[in-house]
Structures are given as structure tokens and as C-alpha cells.
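K.L.:
Work from the hints to combine the two standalone chains into their complex.
Listed in order, the protein sequences are those of chains A and B. Here the first sequence is numbered in this note's numbering, starting from 1 and rising by one per residue. Here the second sequence is numbered in this note's numbering, starting from 1 and rising by one per residue.
Everything labelled a hint here was simulated from the structure, so no lab data went into it. Be aware that a few hints might be false.
Claimed, not checked - Here are some, though not all, of the chain B residues that point toward chain A, as calculated from beta-carbon distances under 8 Å: (1) Ser68; (2) Ser279; (3) Tyr286; (4) Asp318; (5) Ile330; (6) Ala341; (7) Met373; (8) Ala379; (9) Leu381; (10) Gln382; (11) Arg455.
Stated by the list, open to error - Taking lysine-lysine and the DSS-like style, the derived pairs with C-alpha atoms no more than 30 Å apart in a straight line are: (12) B:Lys427 to B:Lys492; (13) B:Lys543 to A:Lys87; (14) A:Lys259 to A:Lys321; (15) A:Lys41 to A:Lys120; (16) A:Lys87 to B:Lys194; (17) A:Lys87 to B:Lys427; (18) A:Lys149 to A:Lys259; (19) A:Lys259 to A:Lys327; (20) B:Lys492 to B:Lys194; (21) A:Lys87 to B:Lys541; (22) B:Lys194 to B:Lys543.
Small disclaimer: the values here were computed from a predicted structure and weren't measured. Even glycine gets a Cβ: it sits at the ideal position worked out from N, Cα and C.
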Amino acid sequence: MPRSAESSFRSGRWSRWLAPLLALVVVGCAEHYPQTTLLPKGDFARMVDHLLRTTVWWATGVFILVEGALVVAMIRFRERPGDPEPKQTHGNMALEIAWTIIPAAILAIIAVPTVRTIFKTSELPGGNSVQVDVIGHQWWFEFRYPMGKDTVVTADEMHVPLGRTVDLRLTSADVIHSFWVPQFAGKRDMIPGHTNHFWFKADTVGTYPSQCAEFCGEEHGRMGFRIVVQDSATFAQWEAAQLAPFAGDSTDSLFRVGKTLFVTAGCIGCHAMAGQPTEHIMSMMGPNLSHVASRGTIVAGMFPESDSTMSIWLRNPQAAKPGALMKLPRPLTEPEIAALVHYVRAHR
Amino acid sequence: MATAALPRDHAAGASHEATGLWSWITTVDHKRIGILYGATAFLFFLMGGLEALLLRWQLGRPDNTFLSPDVYNQVFTMHGTTMIFLAVMPLSAMFFNFMIPLQIGARDVAFPRLNAFSYWVFLLGGLFINSSFLFHAAPNAGWFGYANLTSIQYSPAINIDFWLLGLQMLGVASLAAAVNFATTIINLRAPGMKLLRMPMFTWMSFITQVLLLLAFPVITVALILLMMDRFFGTSFYVPTGGGDPVLWQHLFWIFGHPEVYILILPAFGIVSEVLPVFSRKPIFGYTAMVFSGIFIAFLGFGVWSHHMFAVGMGPIADTVFSLTTMLIAIPTGVKIFNWIATIWGGSIRYRAAMMFALGFIAMFIIGGLSGVMHAVAPADLQQTDTYFVVAHFHYVLFGGSIFALVAGAYYWFPKMFGRMLDERLGKVHFWLMLIGFNLTFFPMHFLGLNGMPRRVYTYPAGLGFSFWNAVATAGSLILGTSFLVFLINIIKTWRTRPTTPIPADPWGGATLEWSIPSPPPPHNFEEIPTIDSRDPLWAAKRKAGGTLPEPVRGSGAGIHMPPPSYWPFFAAWGILIFLVGFLVGVKLPIILAGAALLLVSVFNWAFEPVE
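Extracted from the complex, chain B is given alone in its bound form (with noise of 0.2 Å):
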């Protein structure tokens, strides 16, 4: 294989990158497997969607057989289930994938095999969650999946086994991700770029890592005692066999609240990247942007419980509880300042990803104050669970992360493709986003507080609930709309070539992928570049007096970059076909056939040559 692919790469290398299937599914390239974490994690994320504009259409009025109340609970379980771990992470990680590497001038991650094997294991577990459907059979006890509803006695289809199997399985793509990031962001910075000179996306994606490096643990061993309550006969969870179903509470959200610091910190480095390039001003207060990430990822281990205040653990946890979420508003607090004062004196170029980004800014404080209102312990005892929590995680997560993650899509667009979104579209879907998530998730506040449970898959009509229902499900479809101008956007950008080259740095940039042409060739940068500064371009434009030349696209030749392998893609296969094992009832022979084909590829891999 090696001396056959040789003289094709060598000829391919001359120019452009080779093309074709096989070069995706064997590619190491840390801007190719970006761009599939991208492509994958948007078409999830519509599909996500598609299972929430499902959701609003039963609710939008009472009484509603639109969906079955089995149906409904599926597609409640699988819309949270996708968005948190199939879209909003995986876009974070095309992210992490093609910009982290280019901002600290490194040609590509520290372990790039491990990188394509994360996405593929990402991929294939993300498709196995979702082949449930094929089978009526698709996860229906809620993200959360709260023991001893998932105990076998309560849920003995296959739903939950498609769950935690999958999530078993999204976790090791995530862990493996975690471990290659983290020792890239800390080992293969460029010379010169001192920890706080690393750009704030750097920075918060490295936080992000850490985090799951210590709360994925977690959800994987709950997860394994839940493996055991189903397939094997145990009772971790179970208390008619002595367990306790409290316990998983526990497990869940000591992995689940960091996990929701693990949403959020890479859309606040997005968004302090694009703030001080479209109000041409360096981010304001660098080291307390840096430390109150870091601050608030420390604080994340310790607030689990605040999902918890209805479970009855006594008025002294109650209390710690509160105050330490209570306290994780002073760290966010000065970021949202920080920001402000970023734009504050500043000349604001209102381009769409500006737009998405002061967005952000917006509805975040909405949720951000919303999240202050449930850390008061008594009264989240009448929110808790009710459609007000539901509001309220909206404003965190699609104000916060979605508008964050769509500015982060508008800023590098031209970046990752060498072409431009169209900005008049751009607009569009950002007015339509706002008004549509605005009219969608506002309502939730009156309804929670008016008292409408969530998870419910219908309402009654004398409750009053009935109005600000269908206000929602109409917001929903605009909501809808605005993606769908999104996706025309990204069409109509793919079919119209350009008939220039766009310029390696079309907003004024201040961190280094923007010095380097777009798209970046396969091996990044000519010469690793050195650092003196924070905002090394704007530094070295400033020296040049005021612009640079454009960066020239070298052949490459002579930098050695590591070869395409097919073994990280096998080993995901293996992975897959050992946990299907499980799933069609521990039959032994797929078990071990699944591990073979894991252990063969990693032996494999361990021993490729890398020339």
C-alpha cells in the first residue's frame, strides 16, 4: 500500500492535496477532519432540529395526537441527545480540529492518527444512536436517562441499550480528542507563544479538554454500572435489589454540569475572537478572561447538585449548593464586562459574524441571569423541571453556544473554504435567528413559572398553557427558516467559484491562521513563526505599516507531514462492532470479533512506518 500510494501522493503533492473517497476516510489532516467533524456535526444538528420543530408541532396546541406520547419521548430524548453530543460538541471540535493547531503555528495535532480515529468513532457512534429509529426503538428515558426508569424492569426494549452504548462510545471519541488537544495546545506551541499569549479560543478550547479529560470518567463508569444493571443482573441502581437510584443523579451531573462548561467555553473563545477584530481593540482584560475560564471550569465540579434541589438532600447541601452556583455567576459576570468593554471605544464592523457575536452577548445574560434565579434553592424547587429550566438552558445554549458557534462559522468560513459567505444572507439568518429564538424560548419563562411541567407530551386545554404554546411553535418555524437561509447561504457559496483566490485575511485579523493563505496548504505554515506578542498579525501589520503582503502557497516540499493511515478508521469499526455486541443481546462471538478487529488495528497502527 505505502509504495503503491507513493508516487501518486508525490505527484498530487506537487500542487493539491490528493482527492477522492479514500483520501477522506485515511486523511490525518487536522483541516480535513475538521471539516468532516463540521459537515457531520451540522447534518445532526438539522436533524436535531428537525426532532425539536417535531416536538413544537405536538405542543403547539392542547390535546395534541400529532405524536404518540412513545413517539414524543423519543424525540425529546433524541433532540436533547443529538444537540448536546452529536452537534454542539462535535462543531466546537471542527473548531478545535482546524483552528487550534493554526493559532499556535503548528503544522498539525500531536497524535494525528488519534485524531482521525476520535472522528471516526464519533461518526459511527452518532450513527449507531440514531439507527434506533430504524427500529422504532430509539432512546425515550430523556439525555439524562434518571435510573430506574432505565433499569431493565422499567425499560426492557433495546431503546436505552442503543443510549448507553452509543454514549459509551461518543465518549471514547471525545476522551481520545481531549488527550490529543490537550498535548498539542501544551507541547507544539510555536516558539514564543508563552501559555498567556495563546489566543482566548486556544484558551478556552484548552480548558474545554481539561474538563473532559476529568468529567467523561465519570459518565463512563456510571454508565458501565449501568451496562451492568442491564446486561449482566446487577442492581447498582436497581433498590429492589439494594440499590440506589440517587446514585446515578449524582454520577450524571458531576459528569453533566461540567459538560455543560464543556458547550459553553469554546463559544466564549470564539466570541472573544471575533469581538476585538470587528471593533479593531485587543480583547479587554486578557489574564481575567483567561482566569475566570479557568475559574469557572474549576467551580463546574462543584454545583452538580443544583440539579438536584427536589431530590430532598437536606437544607445544609442545599445550601453549599446554592452558593457555589451562585458563585460561578462572578466569573461569567466579569466576562460578559469584559466583552462589553472589548467593543467599548472601538469602531464595530457589523458583519454577520460581529452580529451573531454581540447576539451572543445578549441572550447570554439572559440565561445567565435565569441560571442566577435557580441557584436560589426554594425557588427552584417550583422551577426545577418545568418549562422555565427549559427556557432557561435555551438561552444558555442556543443563545449562548448556537449564536457563538454560527459567528465562529461566519469569522473562518472564508478561513477553512477560501471562500466568502454571503453577508446579505448572513443578516437575514441572524434576524431570523434572533427574533425566532427569541419568540420560541421567551414564552418558556411565563409557561414554567405558570406551571407546565416539562417532558410532557401534551397539556390540557383549561390550563392556560395554550397560548404562549403555539407563540412558541410559530417561533420555532422561524427558527427553522433561519437555517434553512443558512444552508442556502453555504450552497450558494459552494456553487459560485471565485474568480480570484479570497485574501488570507479578509477581516483584519490578530492571531496567526490569518497569516497564512485560505485555505491553508496541508502543512500550514512555510516556516513555524515566531511569537513576541498576543496579537502576533495585528503586531506584525502594525510593523509593516499597516498591511502585509499576501502569504505565498508553497508546494510543501521538503516539510514532512505525517502519511494517511487506515487503520484509526478500522479500529472505530472495532469499537462499533464490540458494543453491537451488546446491543443485539452479549453475544460473545460479535464481542470478540469486534475487539480483534480493535486490537489488530491499533497493533497495526502502533507499528506503521511513518515515512
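Bound conformation, chain A alone (with noise of 0.2 Å):
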């Protein structure tokens, strides 16, 4: 009976397995991690990095020393045939000493780095921050940035400056969602009734994405957003470009009548729009559309920001993202669809 068990550790065995085991471990490398946590683009990233590469080591070490003293007593100890009985030890003070001792040892070593970590995380870097309040909704993730008497207000989407510290405020308009920037540090709970602090600074330029990281209902899965890291020249572009008035073109006939339809359609009981009544109301249901064109992505990060994936998502939301909270009065019709379509990537 223990043939079996025995054979199949004999290393000879081993090698057959070992090239194609090799082959998918680099074939599921080489495929390309966009939202990796293991590649820290900021500074409270690498520091929580650091130290899960700490304790990682001491983890392998610990698993190859303790898998491998269980291996060697099930190959060494194996039933012989006409064994007589083992010894019948009972324990062993100073082995038990020792085996208490020594992880607790280990663990006071990785210990130290965590609670030094807690504390330096949990304070703000000082130096010249810039502000962003995130709330989540069911399922997007709002932006703000406060600049005095105005405030940027954008969805989808977080422009960050380079090299800045960014201070977050986090919250939420309905149930608990989490905040989650796994390129720049980690997550923390945007919790409705609370305020959150969490902070960040990336260094490196680039557009990164990202999603909630806390069970929030149906859409939970598709609720993704993008960082945007900007060198502080275009971020500053970007801010300005985000509070400059847009009126449209009153010229374009089909702008008028998507202006026209985003009111009668419905469009304005959710959305806050430039050029609208409510382009300065704050606690509309839906992200702010004033300047949607000039987001790369729309419905929470699902489609690249086109006028085919927003004539998909004005002809049935339901279908496209089934759940999603906006929900059409009426059907469009194609003419209706092409005229709200144009209307709204005007808005740059």
C-alpha cells in the first residue's frame, strides 16, 4: 500500500514535471499587470513594499524549513516491514523551549518594520499638498478638488500631480466602498457618516487603473476608476482646462438639440452639466459631465470614451451594465442618441 506514496517522491519523477511547471510560471509572468501591486510607483507603496518583501523572506525560509523537516520524517519514517514499535516519546522541554522561542523571535524581527510603518503611513507628509476629496457612489468614484472658491468636480477619473503629496478625504454618498490605489500605497474604506484620511505621492508619470476594493452591490465588479499622474505643468492645465466656462457652439444645430434633450429626456434630473441649471449643483445622483470628453474612459473606467461606447450606453445602460443606476425614462431613438452623443463630447 505505500508503494505509492513512496515512488512519487523519488526525484526522477520530479523532472518530467518540472519544465512545463517552469513554462507556465513564465508565461504568467510575462503577461502585463497594469493594477499590480509589486511594482510601487509612490513612496507609501514602496515603503509597504519593503516590507512585505521582509516578511516574505522570512516566510520562505520558515516554509522551506518546516516543509521540509515535515518531507524528511515522512520519507525518513515510513513503515518497514517488520518495524518494531517506535519509541514512545512523550515530548521534549527544551525542543518545545526552543520551538516557542524561536518563532516568537522571528515574528518580534518583522514586528518592529510593521509598527514603525503603521505610524509613518498614518501621518500626512508635510510640504506642499494638494487636496482631493473622493466620494463613492454606487458604483463610481467622485472626485474634488477644492481651490479656494471654486472646486474641480470629475468622476471616473483622478489627475494627480507628480512629486506632490496628495491629502484624500475619503467618503462615500451611500454604502461603504474602498479607496484603493494599488500602484501609490493601498486601500482605505470611503464609509458613509465618516470622513477617511489617506494619503500618497506617485513619481512616476503615467495613467494607471484602479477599482473598489469593498463588496458594494451589484456593479460592485465594473466600479473602476484611472489615476493620472501629471507632471505640476499639465497638471495645472488640466485644472484650469476643468474650471474654464464652456458654453458650446450655438451655431451647431444638433449641439442645440442635444442641449435640448438633455433636459427633456431626463438626462438633467441626475447629471450636473456646464451650460445647464444644474451645472453647479453639487449632490446630483450621477457624475458631473461637464467636461466628460476629456476623460479617457466613461461608466466607471468600463469603455474608452467614444462616441460608438456612448451610443451603446445612452441606447439601453441596462443592457451594457446590468444593474447600473441609470436608468432612461424613456427609450432614445437613434436620432436622439446621435444628437445627446454629439452634445456631451463636446465637452472637452
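P.N.:
Spelled out as C-alpha cells, the structure:
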């Protein structure tokens, strides 16, 4: 009976498995992970990553030793025919004390940098920071940049300046969500009735995907956003553009049709929009659309921003994203969709 | 009833127990109740497994539309709820029921009818919560049902009502059982069985009962507050009404973390029985094993907020919960080292039970190490709510609890049913399960660290999650197949009648359950044994020069056993009807009818003649 267990431990067998196994791992790693936590792009994430790597090294060492001891015992002490009764040992005080103290010591070694990092990351670093208020909604992210008397309000895309601390105030308009910037820090929950604080500092320009990390209902899986890290000049330009008033081209007849439809088709019930009465209302249900065409994606990062994706969305939001809270008061005709898409996408 | 049943019972009692459906409904025999627990829990386990396969199929490729988001959310919620409350806990309860009285040399549990009551409440609670599928209204807020998503505003349908009422019911079953087993272990031990002579499974089970007694009231209270919010318009968890959803998280995890130990401590106990028997060596460091179990349970109440590092509790709280969580690794490490030391120097027989027990150690080490990684609070800010956590707790609960429960099944099956499971199929089961399990769950470590959050119904192609998800799905099919082999093994064993009765002690056991026939007679022991050592059967065998004669199966004449009763069954129905009254919109007549049935049943139960 023990034969099958025994023979599979012989080393010869493993070489046959090893080559395809390695191939698997390589293929797995060759893929690109834009949302990875393992390539930190900011100092918060770098501290966390350092800590993780320290822990992983210790864990790997312990893993090899303990699993090794287990495997050695399994092979060395397998039953052989005619074995006498093994020596009946009941314990060994010295050994037991040793394997209580050694793990305690290893844990202490991990605990010191852990506690240090907890305190280091809990304090907002000084210096010139930029404040961003993030509000979770089912199922999209809203970002507000208070700037004196004005506020930039946007959604789905968080622009941050390179090398400056981003001072985050997090809350939710409905249920608990979790704000996650895997490339720059970790997670912090967005809890209705609470204002949570978090920070990060990005050190590489680029556009990074992320998404909600706390289950928040039907479309939790599609509640994404992007972090756009820009050098300070580009960031300032972006801010200015977001604040610039937008009138639209009144000679464009399709634009005028769209502008009227925005009201009559019911869009205005949920969306703030430049040039509409809702332009400055902060408490609308849906995302602010004043500069929607300046964003790379729509529908919480689900689609790239384009004529065709916006048409798909307006044709039937429930088909595109089941459960989404955007419900059309009435179905739109194709010419209406074209006019609305034209109108909305004019807002850059 | 009593007079009518009497002659028949006497006639049957001469050789065998009464049979038939009614005898199972009215049974108070801990062994039959154990079998009922096991059969029911195994069916729920298969159902939870099927749900897991649906989830894996959906995640097998990016942007899949196999399950809609709503259905996916229902299925993952029910997968977690089923596996924890309807599979792993009651599978442990099967062994509590069957084995604790046998291991301590008792004829039954302290409260046999309460035991039947626990089972019926569990069964009806499990059916109740699963009946939600018939209404396309299965719970859909995750097994930890975070407020305020569960509030009436954000979950207006009855999905959450099924969940919270079902959990209340399962809580009643668990609490009643915990009182029963704690009392049994304290009061019904055979003469000479001091606390520090108890078998390790009984010890770990005892600690589990204490955890149940202390942890379940907390979830009961948390759920009552949620009931108030949903049925009577209070705002305990509703921020717009002045409540706080974080309160739920604290209450839930004060229950939820000890619950993790409720799931794993019985597994520790099973493995601590199997390893010595199949290495022919006593458990290494018995006292350390007992006290590390107690220490783990004690610390288990001081670590709940490590589930909440992302909540933003501040550096002091994060530090405290980081450190207490790390402390748990010490007694857990002691257990692992002592298990390895137990087989070290032994003579290891690779039977299926032993292979699963060894597999348990190997897998649990991995789960334990990733647990330490979570204890590092800043690192956990990245890992929490990702697939890394999914990998971690499956290494602990599947690699841990399930491997150990299956080891227990192969080990105790002969005792419970008087038949031996097929060893060859058992080994096929083991290798398929080990390979399938690792292929399913190890890649989840990579997925989590590379940014895949948990509880998402799909993911886009561009995030690099496709490959490892496909591997995990392939692994889950192998894992599913392994349980098919187990099922075939059980059915095959069932269909082939043994020509000669199997021996009382097929493995060379150390504990009392192996001293009586397989399966045991209704009265268990012809004579209550007197205990003077930790491994009483080994001591007896040594004294007798190696082997003992087969025990005789006595008629049990003259031994007083508790009579069957149908009142526990009806009392359970009373609770079910009571809760259904809430489900259908707080209908007072139904609620009162349920309460009345419960009261009448308990009254009659209390005044039932014991003869």
C-alpha cells in the first residue's frame, strides 16, 4: 500500500513535471499587470512593498525549513515491514521551548518595521500638498478638488501632480466602498457618515487603472477609475481647463438639439452639466458631465470614451451594465442618441 | 404513543435498533444524530462546491457573461455562508456527536433531546436559507453582510432577510449544541479520565464549544439589531439615521474571528488523533498541544480588527491588532512543530486518513504563513479584499479544515458504519484533491498581489488576470473530480456488504471508541471503562501482550437509555415558522403560531416521561 506514496517522492519523477511547470510560471509572468501592487510608483507603496518583501523572505525561509522537516519525516520514518514499535516519546521540554521562542523572535523582527511603518504611513508628510475629496457612489468614484472659491468636480479619473503629496478625504454617498491605489499606497474604506484620511505621493508619470475594493452591491465588479499622474505644468493646465466655463457652439444645430434633449429626456435629473441649470449643483445622483469628453473612459472605467461607446451606453444602460443605477425615463431613438452623444462629447 | 411503541421497541431492542423514517425523526441517540449531521452537511458541502464551480466557471475568462452580476453575487454569498455554517461547522458536529461520548466513555450526551433539537434546527435553518434560490432571492451581500449595504434602502428585497433569519436559526442550533457538548465533556467523562487525560479531539472540541458559547451571542445581537433596522425602522447601522455601519463590522468580527477557530480547532483535534495512530507513537507534547489550543482560542477574541485595517482606525489600534495577530502564530507554530515531532521517529503507515492528515499539515503551514503576512498591517492595506486573502483563507479552511475533516472521515468511517472505505480510491481522492486544491488556490496569491480584488463578477482582459484565473478554474475542476471519487467510494462501500464484520480496532487506535464494536451498539459500552492513562486502549493492548479479543456486542438489556422523542423535531419547526413570519413581512399570526408550537413542544418535552 505505501508504495505509491513512496515512489512519487523519488526525485527522477519531478524533472518530468518541472519543465512544463516552469513554462507555466514564465507565461504567467510575461503578462502585463497594470494594477499590480508589486511595482510601487510612490513612497507609501514603496514602504509597504519593502515590508512585504521582508516578510516574504522570512516566510519563505520558515516554509522551506518546516515543510522540509515534514517531508524528511514522511520519507525517513515510513513504515517498513517488521518494524518494531517506535520509541514512545511524549515530548521534549528543550525542543518545545526552542520552537516557542524562535518563532517569537522572528515575529519580533517583523513586528518592529511593521509598527514603524504603521506610524510613518499614518502621518501626512509635510510640504506642498494637493487636496482631493473622493466620494464613493454605487458604482463610480467622484473626485473634487477644492481650490479657494472654486471646486473642480470630476468622476472616473483622478488627476494628480507628480511628486506632490495627495491629501485625500474619503467618504461615501451611499454604502461602504474602498478606495484603492495599488501602485501608490493601499486601501482605505469610504464609509458613509465618516471622513477618512489617506495620502500618497506619485513618482512616475502615467495612467494607472484601479477599482473599488469593498463589495458594494450588484456592480461592484465594474466600479473602476483611473489615476492620471501628470507633471505639475500639465496638471495645472488640466485644472484650468476643468474650471474654464463652457458655452458650446450655438451655431451647431445638432448641439442645440442635444442640449434641449439633455433636459427633455431626463438627463438633467441626475447630472450636473456645464451650460445647464445643474451646472453648479454638487449633490446630483450621477457623475458631473461638464468636461466628460476630457476623460479617457466612461461608465466607471468600463469603456474608452468614444462616439460608439457612448451610443451603446445611451441605447440601453441596463444591457451594457446590468443593475446600473442609470435608468432612462424612456427609450431614446437613434437620432436622439446621435444628438445627445454629439452634445455631451462636445464638453472637453 | 409511549405504550404503543413499547412492545415494538422491546422486540427490536433484543438485536438491533428500530429502523424507519419515524425512528430517525424521533431518535435521541448521539450516533444517529451524528450520522444525520454528517449526511446533511455533506449534501450542503456538495452544494457549496457546486456553487464554487459556478463562480470559477464565470471567472475562467475575462468579461465572461456566464453569470449575471446579480446571480454571481448570490452564488458567492451562498458559497461562503454554506461552506462555513452548513458544511464545515456541521461536519465537525458530526464528529462531536459521534465521537465525543465514545472517546470519554459515555453512553450518550448530557442532553440527548437537546441534541436532536440542535440537529433539526440546523437542518431547517439550512433548508430555509437555501430555499431562497427558489425565489431567485438568495442572499447577495457576502457572508459577512456588511452594513449599510444590507439596509432596507440598499437591499430592499428579501435576499438579506433570508440570510439574517437563517443565520439566527443556525445560531440557535450551534448554541444549543455547544451547551450540550460542553456539559457532556465536563460531566460525563468515565471514571479516571481527568481533563489532562482526555483525547486531543475531545480537548479541541471542548475549546470549540467554549468559543461557540462566547462568540455566537455576539452575532445574535448584531443580527437582532439588523432585524430591528430592516423590520422596525431603527437605524443602528444607518448613517442617515444617526447609526454607524462600522458598528456592524466590529460586532461581526468579534464573532467572526473566533468563528475561524471554531472551524479549525476540531480539525486540529482530528489530525492530533490520526497522526499518532498511523505513526504508532503518542502525540508529542500533549500538554503544550492542549494549552496552545486554549491560547489560540483566548487570543482569537483579541484580533478581530485585523479584518478592518482599511477602515482607518488609526495607528494605535492598527498596532495593537497587528501584534496580537502575530502572537497567534506562536501557539499555532507550536502545534505544527509538535505534529511533525509526533511523526518523527514513528513508523508511518500511509493509509488514506494519514495522507489527508499530512496534507493538512503541509497546506496549513502555507495558510499560516500568509496569515502572518496579513498581520503586517501596512502590507495588509494592499492585500485585504484581494484574491490574496481568498488564497489565504482557503489554505486555512480548505487546506486546513476540509483536509482534516476528510482525514477524519476515512479514519472514523469504519467505526461509524462498520465498513471500510476503499483505500485505493481514497488515495486517488487524496492526490486529485491535493493537486486540484493547489492549482486552484495557489495562483490566487499572484492574482491578489497583482491587483485583482475579490468579489468581482468579472474582470477586463487588459489587467493580466486571465492566465492565472484560467489555471484556477482548471484546478477547481480537478478538485471537484476528487470529491466525485470520494462520493463513488462511499457509494461503493455502501453497496458491497462486508461478509464478516470488520474489527473493532482496524487501525490500532489509542482511544476508547476503538474498544467497542463497529458500529457501536446503541448503549456504546457494556460497562463504563475506568481510565488510568492518556492512551487507554494502547495501555490495555500492551498489558494484554499486543492485541485484545474482539469486544462482544451485548444486547444492552438492563441498561437504561433515553427514550425517543418527537418534541425536539416539532420545537424546531416552531422556530422555523416563527422566523418565516418575519420573512413574509412581519405577519403576527404566523409569528405567534410558530411561538406557540415552540412553547407547546418545549413544555411537552419538559414533562415527557423518561421511561
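K.L.:
Mind listing which of the numbered hints don't hold for this structure, in increasing order?
P.N.:
The structure breaks only hint 20.
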